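Visitor: Fit chain B to the known structure of chain A by using the hints.
Number of protein chains: 2
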Amino acid sequence: MSSKKSGSHGIPIVSDIGEKKLIKRLLSMSRTLQPYSPFFDENYFKSLSDDAALLDIGDEYLVITSDLLLESSHFPTEMSSFQKGMKVVTANVSDLAAMGAEPIGFVLSLGLPHDLPLEKFDEIMAGVLEACNTHKIGLMGGDTNQSEELILSGTCLGVVGKKKVLMKEGAAPGDVVAVTGPLGVAAAGFEFLFAPPPIKETLKKIINPSTIKIVVRHALEPRAKLKEGMILAKKGLATSATDITDGLASEIGELIEASPYNVGITLFETMIPLIPEVEEVASALDRNPLDFALYYGEDFELLLTIREDLYEKFKDDLGLIKVGTVTSSGKMEIFDKEGNTNILMKEGYDSFK
Amino acid sequence: MSSKKSGSHGIPIVSDIGEKKLIKRLLSMSRTLQPYSPFFDENYFKSLSDDAALLDIGDEYLVITSDLLLESSHFPTEMSSFQKGMKVVTANVSDLAAMGAEPIGFVLSLGLPHDLPLEKFDEIMAGVLEACNTHKIGLMGGDTNQSEELILSGTCLGVVGKKKVLMKEGAAPGDVVAVTGPLGVAAAGFEFLFAPPPIKETLKKIINPSTIKIVVRHALEPRAKLKEGMILAKKGLATSATDITDGLASEIGELIEASPYNVGITLFETMIPLIPEVEEVASALDRNPLDFALYYGEDFELLLTIREDLYEKFKDDLGLIKVGTVTSSGKMEIFDKEGNTNILMKEGYDSFK
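Protein chains in written order, with this note's numbering: chain A, 336 to 688; chain B, 336 to 688.
Bound conformation, chain A alone:
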């Protein structure tokens, strides 16, 4: 990927401002133009900057999310066609999980290079159908086009009770900040996969083969935490939630920004769940494993805030891991191993950077 910045004649280009700001630009342009619709309520407008859009269809919300995956940005060469098909479903289902919604259907638009072997097409579709089946969702339709690179564009629909929906807003001071699983594992996998060939050869010699297998599998076959999201919503446990697609720091920033109050979040470095495999890969690359958790995405774990008593009661059932606490500081901070509190930067994976 190119790191080139700004147009050749100083004209602002999209990579100058990056992904999240582009989406905000798009939404702020659209907000003034939203027409009247009986399907829109106050949560519809909030959902525009959340993980999925909410339409008021009576007793429940219809939840709609869309995710586009591209060969050049999202698929390492080691990823099989089957895994590519699974991933477009997982990425979309994860957004529904973040809203606590039950998925009901999936629509797929494909861009296919004209010389793609039919066998690969069948493998991609087998992966899509396998993942749809895992989550008990129907594949409702599709569209195919000839394209330069492989494109998998998915849209997933779900439903969630109106009073049960998990939003990014809602974190309250005193809440526990928790995640549903270890972080940085997919990052470690991608760092290995994207290493230049000579470095990769060295890594293969110094890293335990079972470690490589574990981290690579996390990168290539991520799983959406759908069950956890649905339980959190049904039992009304979380005060706010999102899925970790751009790294913990970036998503923590999203929860703070979404709150109408001046909340802050303090993370505790020692609590951030790093598995030994992530530490092993980071060490081999002479990197800080914490950075893999904070600034890389693709783990598809859920990040949530939850009242402390409920956390204690449900942490074992749901596999929740406390990583921090909601404060009233308005700041994003990290309490490090040495006992110092540092300001945390809100940066995450950005396909334009």
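Just so you know, these hints were derived from the structure itself, not from any lab.
Be a bit skeptical, because a hint or two may be false.
Said to hold, decoys possible - Below, computed lysine-lysine pairings styled on DSSO-like, alpha-carbon distance capped at 30 Å:
id: 1; chain 1: A; residue 1: K497; chain 2: B; residue 2: K499
id: 2; chain 1: A; residue 1: K455; chain 2: B; residue 2: K681
id: 3; chain 1: A; residue 1: K471; chain 2: B; residue 2: K356
id: 4; chain 1: B; residue 1: K455; chain 2: A; residue 2: K381
id: 5; chain 1: B; residue 1: K471; chain 2: A; residue 2: K381
id: 6; chain 1: A; residue 1: K359; chain 2: B; residue 2: K455
id: 7; chain 1: B; residue 1: K650; chain 2: A; residue 2: K455
id: 8; chain 1: B; residue 1: K381; chain 2: A; residue 2: K455
id: 9; chain 1: B; residue 1: K471; chain 2: A; residue 2: K471
id: 10; chain 1: A; residue 1: K498; chain 2: A; residue 2: K648
id: 11; chain 1: A; residue 1: K471; chain 2: B; residue 2: K681
id: 12; chain 1: B; residue 1: K471; chain 2: A; residue 2: K497
id: 13; chain 1: A; residue 1: K497; chain 2: A; residue 2: K471
id: 14; chain 1: B; residue 1: K355; chain 2: A; residue 2: K471
id: 15; chain 1: B; residue 1: K498; chain 2: A; residue 2: K497
id: 16; chain 1: B; residue 1: K471; chain 2: A; residue 2: K356
id: 17; chain 1: A; residue 1: K471; chain 2: B; residue 2: K497
id: 18; chain 1: A; residue 1: K455; chain 2: B; residue 2: K355
id: 19; chain 1: B; residue 1: K497; chain 2: A; residue 2: K355
id: 20; chain 1: A; residue 1: K498; chain 2: B; residue 2: K497
id: 21; chain 1: B; residue 1: K498; chain 2: A; residue 2: K471
id: 22; chain 1: B; residue 1: K381; chain 2: A; residue 2: K471
id: 23; chain 1: A; residue 1: K355; chain 2: B; residue 2: K471
Source: prediction; values computed, not measured.
Guide: For chain B alone, kept in the frame of chain A given last:
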């Protein structure tokens, strides 16, 4: 676009089988795996091969369609960024029009080359919002990614009364086959736009400038026949319907295939609405203008079948134009100027061919 066929080692590739068959392959793979859902009824399964998917949400169907537009396949160089933005909305809204649905929301996923000027991004979004506003639909969210070529992937949601929905199936012998406007106009525009530079220069000299303006505008700024589709559905007029995206012959074939009975359709060559501008462009290119109507798409007019008495009653209000009649022959035929009946081939625009 390349016309290369088959893999270099005789391996079947996607362009060997083409777009419609790829979609059918995808749907037949998925049909056996559809899970149980309270949102699925018999029309859900039929809708999988229709213009949009139907979910049973109570009194109405929720209608979902998805369309992916690519710089390399769908956007001639002459198309402005604003027009590209409009088109992704129009292509999706046209599928809802074909089901008689009222659109309620639009979701956009964008693939953007990293060096796309921010100004172009804003123009694309202005086009998207303009078209959303025309159809009174909210832009419910989006996703941006860095990609090699410009990609606009849209999903549109709508609603339609359960007993009112327009499907591809339902044509009955004796019905009038009608369209909502002239055909082949966008085709004439694209033939001019895609002509090699020396030929284009010649065309500019021999074709009336106002003709070029009209056909090019149809190609670059198509309009969805939403109002017509909604009226046809609300008043229960059409027995079957679809939108013409791949040419009249291809869509006629779709209506015949969708019918559970052995219906056929006979078109009358002299009734096919060709405007003088289409004839002028075809003549300048030494082409048969009828081919523009039969075998090119992108007109976004609706094709429908309707009982003869209702056709007579509503044709003026809705601007319907009779082009043929539904038979019980099981065949797709055309009655030509000389009074001969010929078998019509079901071919249409295919991005892989």
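Visitor: Would you mind confirming whether the straight-line C-alpha gap from K497 of chain B to K355 of chain A stays at or under 30 Å?
Guide: 39 Å, violated
Visitor: Taken at face value, is the distance from the CA of K497 of chain B to the CA of K471 of chain A at most 30 Å?
Guide: Between K471 of chain A and K497 of chain B the Cα gap is close to 24 Å, so the pair holds against 30 Å.
Visitor: Taken at face value, is the distance from the CA of K381 of chain A to the CA of K471 of chain B at most 30 Å?
Guide: 19 Å, holds
Visitor: Taken at face value, is the distance from the CA of K356 of chain A to the CA of K471 of chain B at most 30 Å?
Guide: 26 Å, holds
Visitor: When you check the alpha-carbon spacing of K471 of chain A and K681 of chain B, does it fall within 30 Å?
Guide: 36 Å, violated
Visitor: Compare the distance between the alpha carbons of K497 of chain A and K499 of chain B with 30 Å, and conclude whether the hinted pair is satisfied.
Guide: 28 Å, holds
Visitor: Is it true that the CA of K355 of chain B sits at most 30 Å from the CA of K471 of chain A?
Guide: Between K355 of chain B and K471 of chain A the Cα gap is close to 26 Å, so the pair holds against 30 Å.
Visitor: Tell me if the straight-line CA distance from K381 of chain B to K455 of chain A falls inside 30 Å.
Guide: The given pair, whose Cα atoms are some 27 Å apart, holds under the 30 Å limit.
Visitor: Has the given pair, K498 of chain B with K497 of chain A, been kept, meaning a C-alpha gap of at most 30 Å?
Guide: Holds. K498 of chain B to K497 of chain A sits at ~28 Å (cutoff 30 Å).
Visitor: Need the status of pair K471 of chain B, K497 of chain A: alpha-carbon distance at most 30 Å?
Guide: Holds, because 24 Å separates the two Cα atoms, which is no more than 30 Å.
Visitor: Would you mind confirming whether the straight-line C-alpha gap from K497 of chain A to K471 of chain A stays at or under 30 Å?
Guide: At roughly 22 Å apart (the allowed maximum being 30 Å), K471 of chain A and K497 of chain A satisfy the hint.
Visitor: Need the status of pair K455 of chain B, K381 of chain A: alpha-carbon distance at most 30 Å?
Guide: 27 Å, holds
Comparing the model with each numbered hint stated earlier shows that hints 7, 9, 11, 19 do not hold.
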